[in-house]
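Same order as they appear, the protein sequences are chains A and B.
Going by the numbering used here, the letters in the first sequence line up with residues 35 to 147, in that order.
Going by the numbering used here, the letters in the second sequence line up with residues 1152 to 1265, in that order.
Treat the hints with care, as some may be off.
[To be verified] Calculated cross-link-like contacts (lysine-lysine; reagent style DSS-like; alpha-carbon spacing at most 27 Å):
1) Lys91(A) to Lys1205(B)
2) Lys45(A) to Lys1189(B)
3) Lys1156(B) to Lys1188(B)
4) Lys1252(B) to Lys1207(B)
5) Lys1205(B) to Lys1219(B)
6) Lys1205(B) to Lys1189(B)
7) Lys91(A) to Lys1252(B)
8) Lys1219(B) to Lys1188(B)
9) Lys87(A) to Lys1252(B)
10) Lys91(A) to Lys1188(B)
11) Lys104(A) to Lys45(A)
12) Lys45(A) to Lys1207(B)
13) Lys1189(B) to Lys1219(B)
14) Lys104(A) to Lys91(A)
15) Lys1207(B) to Lys1189(B)
16) Lys1189(B) to Lys1156(B)
17) Lys1252(B) to Lys104(A)
18) Lys1205(B) to Lys1156(B)
19) Lys1207(B) to Lys91(A)
20) Lys1219(B) to Lys1156(B)
21) Lys1252(B) to Lys1189(B)
22) Lys1252(B) to Lys1188(B)
23) Lys87(A) to Lys104(A)
24) Lys1156(B) to Lys1252(B)
It is worth saying that the hints were derived from the structure and are not from the lab.
Computed from a predicted model, the values in this text were never measured in an experiment.
Residues per chain, in single letters:
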Amino acid sequence: DAGITQSPRHKVTETGTPVTLRCHQTENHRYMYWYRQDPGHGLRLIHYSYGVKDTDKGEVSDGYSVSRSKTEDFLLTLESATSSQTSVYFCAISEDGQNQPQHFGDGTRLSIL
Amino acid sequence: DQQVKQNSPSLSVQEGRISILNCDYTNSMFDYFLWYKKYPAEGPTFLISISSIKDKNEDGRFTVFLNKSAKHLSLHIVPSQPGDSAVYFCAASGYGGATNKLIFGTGTLLAVQP
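Isolated chain A (complex conformation):
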């Protein structure tokens, strides 16, 4: 299994509060990704990173920001959480970006009340 750790695994918080999810990898892979999974939508890309301090938007980036200050860590921040951001969030990694599989962590279940 790819060395990917997501924390926390579960979180319940209130609307309007800031939330940060962490993804940590031990594979030294260049690319890291954040997805959300919702019923009827499969997985959708939020943001991704192609190197330290290099990030770009995905399909559903509104309301989210990311940071990558070290190769091994990729943070996803919800500046002011809304109920529509209740979801399961997955981090993924890949060695490079050239048509290759991404490997996923076990997810963070986030509930915003």
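Given chain A, work out where chain B should sit, using these hints.
Structure of chain B alone, referenced to chain A:
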């Protein structure tokens, strides 16, 4: 608009028989396709992939077929085992040169009956 579609939300198969999971896509620019398996409370696990220059790829009990003219791919599992019971996602990449951005289907829940 869903660019990658899995029209069957669920599928039930007897142990030992073949499972066939289907996936359709709308954009002919996709050039790399993948299948993932997902158990509850775990992340998706990569199963098998295929490049658009091929029409078949095999790995043990898993075979993926790609029909570019029909914009259709399928995953065959032979023989099916109870441990194969999971949600299966197909995914595609390569649209607009975005080789690292995966577009996922909505998943098919496979139940393999003992």
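How the hints compare with the structure:
The hinted pair formed by Lys91(A) and Lys1205(B) fails the criterion: a straight-line CA distance of about 30 Å is larger than 27 Å. Only pairs whose Cα atoms come within 27 Å are accepted, and Lys45(A) paired with Lys1189(B) is accepted, the gap being roughly 21 Å. A hinted pair counts as satisfied when its Cα atoms are at most 27 Å apart, and Lys1156(B) with Lys1188(B) qualifies at roughly 16 Å. Note on Lys1252(B) and Lys1207(B): the hinted pairing holds, with a Cα-Cα distance of about 22 Å set against a maximum of 27 Å.
A hinted pair counts as satisfied when its Cα atoms are at most 27 Å apart, and Lys1205(B) with Lys1219(B) qualifies at roughly 9 Å. Among the hinted pairs, Lys1205(B) with Lys1189(B) is consistent with the structure: their alpha-carbon atoms are about 25 Å apart, no more than 27 Å. Our distance criterion of 27 Å between C-alpha atoms is met by Lys91(A) and Lys1252(B), whose separation comes to about 10 Å. Using a Cα cut-off of 27 Å, the hinted pair Lys1219(B) and Lys1188(B) holds, with the two alpha carbons roughly 23 Å apart.
Taking the CA atoms of Lys87(A) and Lys1252(B), the gap is about 18 Å. The hint holds against a cut of 27 Å. A threshold of 27 Å between alpha carbons decides the hint, and for Lys91(A) with Lys1188(B) the separation of about 26 Å falls inside it, so the pair holds. Our distance criterion of 27 Å between C-alpha atoms is met by Lys104(A) and Lys45(A), whose separation comes to about 24 Å. Proximity of Lys45(A) to Lys1207(B) is assessed by CA-CA distance (about 42 Å); at most 27 Å being required, the pair is judged violated.
Taking the CA atoms of Lys1189(B) and Lys1219(B), the gap is near 26 Å; set against the 27 Å cutoff, the hint holds. Distance restraint check for Lys104(A) and Lys91(A): the Cα-Cα separation of roughly 19 Å lies within the 27 Å cut-off, and the hinted pair is therefore satisfied. The suggested pairing of Lys1207(B) with Lys1189(B) holds, with an alpha-carbon distance near 23 Å, which does not exceed 27 Å. Pair hint Lys1189(B) plus Lys1156(B) holds up; C-alpha atoms about 17 Å apart against a cutoff of 27 Å.
With a CA separation close to 22 Å, the supplied pair Lys1252(B) and Lys104(A) stays within the 27 Å bound. Taking the CA atoms of Lys1205(B) and Lys1156(B), the gap is near 21 Å; set against the 27 Å cutoff, the hint holds. In summary, the hint linking Lys1207(B) to Lys91(A) is not supported, as the alpha carbons are separated by about 33 Å, beyond the 27 Å threshold. For the suggested pair Lys1219(B) and Lys1156(B), the alpha carbons sit about 15 Å apart, so the restraint of at most 27 Å is met.
With a CA separation close to 19 Å, the supplied pair Lys1252(B) and Lys1189(B) stays within the 27 Å bound. At roughly 18 Å between alpha-carbon atoms, Lys1252(B) and Lys1188(B) fall within 27 Å of each other, so this suggested pair holds. A hinted pair counts as satisfied when its Cα atoms are at most 27 Å apart, and Lys87(A) with Lys104(A) qualifies at roughly 8 Å. The straight-line distance between the Cα atoms of Lys1156(B) and Lys1252(B) is roughly 16 Å, inside the 27 Å bound, and the hint therefore holds.
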